[in-house]
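Asks: Single-letter residue listing:
There are 2 protein chains.
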Amino acid sequence: MFVPPLALAALDPAEVTRLFAALGVLLVAARVLGELARKLNQPSVLGELAAGILLGPALLGRASPEVHAWLFASEGPTRVVLDGIRTLAVSLFLLVAGLEVDLSRVLRQGRAASSVGILGIGVPFGLGFAGAWFFPSFIGWSGDVARGIHALFFATALSISALPVIAKTLIDLHLYRSDFGMVVIASAMFDDLVGWMVFAVLLGMIGADGAPEALVGVVASIAAFAALVLTLGRWAIHRVLPWVQAHTSWPSGVLAFAIALALFGGALTEHLGLHAIFGAFLTGVALGDSSHLRERTRTTIREFVSSFFAPLFFAGIGVGIDFVAHFDLVLCTVVMTIACAGKIGGAALGARMAGMDRRESLAIGFAMNARGSMEIVLGLTALQHGLIDERMFVALVVMALLTSVMSGPFIQRALGRRRPRRFARLLSQKAFVQRLAAPDRRGVVRELSAALARASGLDTAQIDAAVWAREQVGTTAIGDGIAIPHARIPGLARPRIAFGLAPQGVDFDAPDGHAARLVFLILTPAEQPGAQLEILADISRTLQDPDVRSKLVEVTSWTELLAALRADVDAR
Amino acid sequence: MFVPPLALAALDPAEVTRLFAALGVLLVAARVLGELARKLNQPSVLGELAAGILLGPALLGRASPEVHAWLFASEGPTRVVLDGIRTLAVSLFLLVAGLEVDLSRVLRQGRAASSVGILGIGVPFGLGFAGAWFFPSFIGWSGDVARGIHALFFATALSISALPVIAKTLIDLHLYRSDFGMVVIASAMFDDLVGWMVFAVLLGMIGADGAPEALVGVVASIAAFAALVLTLGRWAIHRVLPWVQAHTSWPSGVLAFAIALALFGGALTEHLGLHAIFGAFLTGVALGDSSHLRERTRTTIREFVSSFFAPLFFAGIGVGIDFVAHFDLVLCTVVMTIACAGKIGGAALGARMAGMDRRESLAIGFAMNARGSMEIVLGLTALQHGLIDERMFVALVVMALLTSVMSGPFIQRALGRRRPRRFARLLSQKAFVQRLAAPDRRGVVRELSAALARASGLDTAQIDAAVWAREQVGTTAIGDGIAIPHARIPGLARPRIAFGLAPQGVDFDAPDGHAARLVFLILTPAEQPGAQLEILADISRTLQDPDVRSKLVEVTSWTELLAALRADVDAR
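Chains as they are written, first to last, in our numbering: chain X, 1 to 572; chain D, 1 to 572.
Keep in mind the hints are simulated off the structure, nothing from the lab. From the three backbone atoms N, C-alpha and C, an ideal C-beta is built for every residue, glycine too. Among the clues, some could well be false.
A partial selection of chain X residues facing chain D, derived with a Cβ cut-off under 7 angstroms [stated by the list, open to error]: (1) L11; (2) D12; (3) A21; (4) D83; (5) Q245; (6) A246; (7) L255; (8) T542.
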């Protein structure tokens, strides 16, 4: 066998120059605009995409065709390398997306999550399929693929959610750890998982060219692969992971382990005729589900990917496609309308059926509606497989970005319009603990339960049991030194709040790692499902202001507490 | 201008499968063997290279030619992508190497470092050049390049050092923060910087084809580029870096900044006809020299590169070259002999001239002798530019690995053979402080100086001034909760040690971040240059054992202290 010496490098100096320049420009532009988007409190993928559009045929290509053609050659070795890196990047991005899916949490959330999840995927799917089937040309069917497959793809594209964007939005609104947030996250995980599986089947169907036997084979192999990864693979990873985390050098060992898993998973699915991203996603799910996966490991993998690969991928998209030439306002409007109607309607309906009130249900609809980066990855894959054309891809990207950007403000609107329950009015002097004595989370919950029992005449043990049961499902710390243990109590006359200060800080296992210094214990009547969320939202709105937080920590009397909160009320 | 749609991906599914499988296999093999090498206390590059040899034509290619040919195709898109990733990887590796070079430290170390540095590069260079010039065929000259250029390259290859390996070895021996370590590191930085510049000129000379005017142009452009990066570039980076660290999201912002800098630097040098690695290296030097570069940023960049890119690069080397077929024992022996004779001899001579004693000088020679990964990068670049053939490359790799592996044990041998000065005999009850009262580094130095003054009759202020001056040059904490402030005092009759315990820990700015709990203050006569190092080495040898350390922290009397140290003496 002839092995060419390494001396025969495949890239000559001119190609290396070009490759490095292209990567450097993409990286800088993506990070700068990505940071800008974050400063404006938007998902950074928005900025990264915009960077690509700036550098792409739409703008740089028009302003200076020579520079664009030199940097991003349409053929030649540099193009091949950039393509390879992009494929690698998107697979690693899906690995991270998979890591965020917590299978056990989906199962734990039970009725509410499954109702929101199923209708949140079913309604937009049905609506999308019907729309594309009955008005194919209106939905951008070019006739290159079977009408059914096109309709199925469109339906899938409308059904998927974007877990990372949704999680980010909920964290920004201080709702991530609320019951509301947990239902949304579990439902979004469910939708992501189902959506990607359906899309995998769809891609397999194109490969199978409609032959029924081949189709059965595709579906069977996808199902078998998924089942294998999520059972045996998951089990094996769960065994090996602690060993890797304990015995290899940090963080190279565990990073290499995760990346190699994603690469092998990707190679396998690509070999099965699907796309490498499925394998990467499913290995991510299996890895993320292991309780041995340290939070620090998860963060490291995410940082590794989001520092280099994700910006290159998303900026790279804009570079290859002329977003201006392929922008079709009518198609964008149609896609956007069906997408929003299906997702918001479906998810809200699911929430209503699970017993939530109107306002909360609508907020869930808006939260689930964010499509973000997932939609873009899905659209690009469909584009590369000839399922859709550029016009449709651009419309999907526009929809993905708009739904992500509108999500936060609309949730706030849905929840906060009337602001009927000001939490300050629910505080009472008897339930105010100026210095919490307990040194830990368990003790603080007990102490505040006792205070609330004194103020309300309820039984301490009953309050404590209900609140602690909720606390064990997941911390109620919302960051910035605030924790809000809460429970719904059947038969309670009205919502009640106990408030305690712990200037020295109590570890509540907060997402940002800060010890809790302001602890609110909230009880709401089980018969008023929306009350809890309104109070949570009001607290987090009020305490958004660092000044208010630092004032509250320092109050030394009930009067000062009232003053600190009144001052805030007056300021608005 | 025609822009092909992204739909026309450059890689078909078979290529993606192969690419992912190849990357996964390389990564896993490199990490597993790299970890193994670390466990055996060897540089991880040793394991990574071995992984490549296992997967390369030498072994996998012989055992299963089909698998090898499928995984690492000699042509086609996958090969191009792998080459591109490898070029990227080696450039990022050189960025990290550049980051480790601390220009101001080189300048600060003054006489000793410049003497060791200059002779440490001059002698092997002269020896290498003479050898290759007078016995060209013996040194592997194939006649493809001018005899002078071949001799120059061989001379350069013998002169370079491997800063990362040397630093690692010194840290393992607890010598990194000693005066000895600081001289070695500064000299190695100097040698790296000069070596790479000379190599850049050399590559430019091949490009210039020996035409004098072109040659002048090459040297001028290299000098101009280096000067520009190290002055204006350094200044600009120093200005921009704090802003990037403060205002972008951690760690993506600063990572993207560093990587983009390296990419642009690399693109520029590649364009100038050199290799991209010079640009990456020099931008690394400029970046690493900024006092605004946080230690955490440096670590993050290093981890990012060493987790993914470095293993891929080093394992990739073995894959492309048949190490077994090109192994030439005679050539390896010749290269190894000249390399060791030149470097050990030159560096030791430089150390002697700077006033160090024989033992210490020899140890410096062994330390500087490690070539490690730098030699391999240099050799590969030379191979790709047709400067050397595979036989010579393999000989350089063998030399690089052997010199790295032997460095640690030989330093210990050179320093420790006689073990004449046991530090335990130099302790005295008067200079033992059972509980250090001072809360900080400054205070601890003062307290121990006073204790030593009591025991020795010297002046507290004199001791304190000398020790604190040394402490300000760099911390004397050697990790594991041990700090060893020290100074040389002219006219001191014999070495003296004060020892103090700080069970609560005092921040000594230790490399591992641990607070110092065992503090030794060492004074040695300026007239006995080797004494300090012997004592340092003896302390670090004795305290290598975690049991000894924990016993020492707990002693409550002078007798217990003696017992704790005696027990250790008996155990050997």
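Asks: Hints numbered earlier in the text: which of these fail when held up against the supplied structure?
Replies: 2, 5, 6 and 8
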